[in-house]
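Given the coordinates of chain B, assemble chains W, Z and F onto it according to the supplied hints.
If you read the protein sequences in the order shown, they are chains B, W, Z and F. Our numbering applies: residue 112 is where the first sequence begins, and numbers increase by one. Our numbering applies: residue 12 is where the second sequence begins, and numbers increase by one. Our numbering applies: residue 37 is where the third sequence begins, and numbers increase by one. Our numbering applies: residue 507 is where the fourth sequence begins, and numbers increase by one.
Check before you lean on any hint, since a few could be wrong.
[As the list claims (entries may be wrong)] Derived list of chain F stretches under chain W, where covered just means 3 residues or more per stretch with a C-beta under 8 Å from a C-beta of chain W:
| no. | region |
| --- | --- |
| 1 | 543-551 |
| 2 | 554-568 |
| 3 | 573-580 |
| 4 | 597-607 |
In short, the hints are calculated from the structure, not lab data. Beta carbons: idealized from backbone N, C-alpha and C, even for Gly.
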Amino acid sequence: MFASLDTSGFLPPQASEFAVQSDMLFYYITAVCILGSAVVYGLLAYCCFMFARKEGVPSKRILGSTKLEFLWTSIPLVFFLSFFVWGVRLYDIAINPPPEAHEREYTVVGKQWMWKIQHPTGQREINELHLPIDTAVKITGTSEDVIHDFGVPAFRSKFDVVPGRYTSAWYKPNKEGTYHLFCDQYCGQGHSQMVGKIHVLSQENYQAWLDGSYRIREGKNPVDGSPSWEGRKLFFKLQCVNCHNKESESRAPSLEAIYKTKRAIQGGTTIMATDDYLRNSIRNPMLHIRDGWKPIMPAYTRSQVTEEELLNVISYIKSLRPGDLPSRTESTPAPVGAKTQDTQAPAGGN
Amino acid sequence: MAANLKGPVAHHFNNLNQQLTTVRMGMWMFLVTEVLFFGGAFCAYTAYRVWFSSDFEAGSAALNVGIASVNTFLLLTSSLTITLGIRAAYAGNPKKLRNYLLATIILGVAFLGLKGREYQLDYQEGLIPNVSVLTPEAQKVVNERIAKDPGKADEKVYPFNENLAVVLHHEKFKGEPFVAYDPFRVQLFFMFYYSMTGLHVLHMIIGLGLLTWQYILACRGFFDYNARYVYIEAMSLYWHFVDMAWMFLLPLLYLAGPHSASQALEQFKVAIGLAGGTH
Amino acid sequence: MTTEISIGTDTPMAIPKLDYTPQMSPEPELTPTEQREKPNYLNWQYGLLSWVLTVDHKRIGLMYLVSVSIFFMFGAIAAGLVRTNLIMPTGAILELDQYNKAFTAHGTIMLFLFLIPVIPGVLGNFLVPMMVGAKDMAFPKLNLMSYYVWAAGALFFVWQLTVGGLDTGWTLYPPYSSKYSHTNVLYAGLGIFITGFSSILTAINIIATVHKMRCPGMTWGRLPLFVWAMYATSVIQILATPVLAVTVVMLAVEKIFGVGIYDPTIGGDPILFQHMFWFYSHPAVYIMILPGMGVINEVLTCFSRKNIFGYKAVAWSSVGIAVVGFLVWGHHMFLAGQGYFLGQVFALLTMLVAVPSAIKVFNWTATLYGGSITFQAPMIFAIGFIILFTIGGVTGLFLGSMGTDIHLHDTYFVIAHFHYTMVGGMMFAWQAGLHFWWPKMTGKMYSDFWSRLAAVVMLVGFALTFLPQFVAGYMGMPRRYPNYPPEFQIYNVLSTAAAYLQGIGFAMPAFYLIGSLFFGKPAGNNPFRATGLEWQTSSPPGPHNFESLPQVYFGPYEYSVPDGLKILNDGSTNGVHSNGSANTDKGAAHGS
Amino acid sequence: MDHDHTHTHAHGAGAEMHSQELVEHEVAPNAKSLTTFAVLAVLALLALFIGFSNLGEWKVVANLLVATVQACILAFFFMDLRQADKLTWLIALSSVFWTFLMFLFILTDQLTRHLGVL
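Here chain B stands alone, though its shape is the one from the complex (with noise of 0.2 Å):
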């Protein structure tokens, strides 16, 4: 269920502006404990060694020195409010997210044992959330029953999602790669089941993402509430999974990735598969015929296939690539993500 992400040494990787500020502290009171510590393990080792039992050496008597006491009452508190005071400005940026910020709310709802997660342009996602690079995002999260935490360790960030309630966090991921997403507050049986993947894309990548052209990860389905998704679904409404399907004995080409790619057809030349030529060969079929293949493709004129609709077919065409092309039998499946699930989801329970 997990995948191994590339963390290299002691450090989780820093993957956003805040990762670096927290680090920073973190770093600063390692420093000061260290020191600290050091100092008593030192004086610690030197009584040890110094002082043990001699033959005839009687023990000093010593009540004690309100000038020491009052060095290690003071000294201790002033590094103490310093952690204090750089600790709360660390959180006030935390919680304050940039006014940029606000315009782009995702919205995570946890429930035994997923996260629901719903991007501003409307896609939905489970156990995963993809992210453009350098934009601060506010993640907006509440709960359906227990109370869980959306907690992303490359982010330095985490917040308690309330049932009744809303909590959110913002985060500014400033490089790319794939990062955990745990569940951190103890939500039941499957709690160590409830994590998922960060994708922090290029920004150009997040928008082919987002009309579901792009996919990090395995599996044939475009992202539920993309162009494509909506594509795929008339996919089957059309019936175009009759013959373009991955049986072996399909009637019609298939259609993995062949966006971008030269097509052989009658006449002997080749044609570049465009946006221009996807559209054709289903508005007007005999205008080019595949070679090697009948000419039976229906055409679908615009009672059949709004404009919109044969967007949306052309946008989950361009997105098959080798293996996505559906078989005939299949219906709609769940959406993306939710396949993370059945691992090792316990019954019952949600």
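Below, chains W, Z and F alone, put in the same frame as chain B:
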């Protein structure tokens, strides 16, 4: 006076003084835990009281303030009697002590009896969250509603809410300035009502048990050593605390909502059977 | 005793040479047979009834010792299951819900049935009356009652374990515990309620004892610091435990009647539960650690033959922790949806409450300076305490600072932190105390070699168990995960391996301590030549602790003054003198 | 919290034990107890009167004031706090103080949580 306190000193004490002061101190420390125990409940109550004030007032309106008022005085009087008992005891009058103990016990039992009657009436009015069933009146209301609009036939009916509506729209509230309420939050109020008064009743029962025990001891001459009066004294501290807790329960639970003296009187008559049922 | 007094001063040596032999007092004045004839609290009454109905604080202490040891074993087994399961990223031996029940059992048992009762119940019961020079606790019958109340509560825990266990974690957060968990929340809640009642009774008893039962001359300034620590602990128990009780009651009411006191879907508020829960449960960690700190004071001073460095500072830091410790619970809730403003207040107070602990650590270290230190088992445990508790303390700062807590909250960093304080602190203090006072409790001396070995094994095993967890936590591994991403496996394997070593270490005392009962040589009244009042009576002590009412003239830790009388005469030290070795002829009670 | 208390014992438990006299129970003439009771009863009536009135917002405040006064009188006269020693006062006050702390912090959060959270 200190001179004439006599009694055996337990094996681990050095003198009587040490023993007596220790007993008092122990009871006082126990009362501290009691204060914080009730304090926690009051704290939670207050949070919701501020959030859902109108709902809580509605819930309070449905309580039997008549019985509560009478109980207040019963408890106050019992505090008086036990105090008089101790005073009499230290004045060297064990007989009076026994009588006052007995009076205290009787008053306490009377309190519990009325309290039980109150719970019974609440049950009859169907005001127990998630447990009670529809009262006949509420059933009538529901039927009428369904008759008016058959579409409502299949929607879920929450008995408590229906019963509450019946109670709150009873004529005894006619003319009261009444607020809108959310029945589910009123259930929350009733939960506080039952758990807090329940805890109080539990303390009463424990206290009565101890009192009875001490009464028996008194009759069997355990207190011939007058130093042992300190045990009754400690007991009385506990009893006073129970009284004190009630002093706060009364305004927070019973008097929160709209009430009227006449209504309280009416309720009490009903409770002791001098008048017909509330509906 | 005169021989003790003169040790160290009589012969000025030219070349002092290191001498690691244990500081044992010369062979006890009494031969074993005589000692057996001498009536003590173990042998002056016989029969089962004389134990189950005893009101003797020493016997009750032993009853606690046996019970909590058994429950510690249960808790340790649960921990073993948890650690073993984490060897594999996919879980080695347990199903998901089994794992949840295992770590919940570990948490609840270790907290409510071991850490909270162990030192107040065993050492507090046994020692506080003797240290203040009393014949018994202030309320002996109440003392016995509190033991049986505790046992009853423990039975509920055992019951809920046998009928299917609990899977909410020891924190019992609603709405999971109130609505979604199908396990025995009610039994566990009852157990928590009842054991809490028991710890309240013990606390009342201890406070009353300290206030009212002190023997003549035992001023507050002369109380052993262990008594101060127990006093502060008891104050916390009295003030905090009732709130947990009522919180659990309301949780039960919600679960039974299905009304939303904490359930947001019907108007309740889960955060309220967390507030009331932590109002108890944060002070509870001080209930667990403060007695341990008290023990360390006694052990360090004795084995370094020194006065405690800064008696007042150490004593008042205990009280300071007890008071300020009440006002920091919110740092468990920085991310729970608690208000931001209140969060800042809690964060500030959290940093303040860290100061008294720092003071203690520095004072302990300074106590060793200029001492004459020997390294017997109790001392090794005490030094181990300082080493581990320092790490536990400083890692707390990461979590107390709001900014870093965001990343570290609910990760293994937290687990490692509180195990360093609770186990590395409390458990080592407990072992130190047990080894320190075992001769007094039983009159027998355990094996010096095996005890030292056990101390070292525990120290190494413990440190290695939880150090990797800091890294795993910082890498982001969440707590309470039976399965985890493979890149965390290395840390978990290391941790588990060391945990086994640690387990061996914790098992060893069971053998050599019990063995000492049969084969150990008589310890004598004061094997470690300590100065506390409890050492001035015979070991095991007589039924009423002291043969005559002790009279105290000096402060508790006059180890460095072999001849107190001289100093008493020239009055150079304003009346702070050992009540032990120095003034044996001035009517202070002593057994021999 | 028990600083002053430490001072009371500074001269030692032994001395303390002899110096400390029994907590006197000068037999309060029943008149005194009856007067106390009368006051308490009047206050209870006042509480009911307020409860039956339409003060709205202020009803609960007024009622709690009355209850507090009642509690104080009860503790002071019936529970003999009047003639109790410092230690007893310390214990009694500490309970009030810690309850206050609990209310202060928990209610602060319950009532201001919506502020400052993004």
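Outcome of the hint check:
With a threshold of 8 Å between beta carbons, the proposed coverage of the region 543-551 of chain F by chain W holds, since 4 of its residues qualify and at least three are required. With 7 residues having a beta carbon nearer than 8 Å to a beta carbon of chain W, the region 554-568 of chain F meets the requirement of three or more and the stated coverage holds. With 4 residues having a Cβ less than 8 Å from any Cβ of chain W, the region 573-580 of chain F passes the three-residue criterion, so the hint holds. Counting residues of the region 597-607 of chain F whose CB lies closer than 8 Å to any CB of chain W gives 7, so the stated coverage by that chain holds, three being the minimum.
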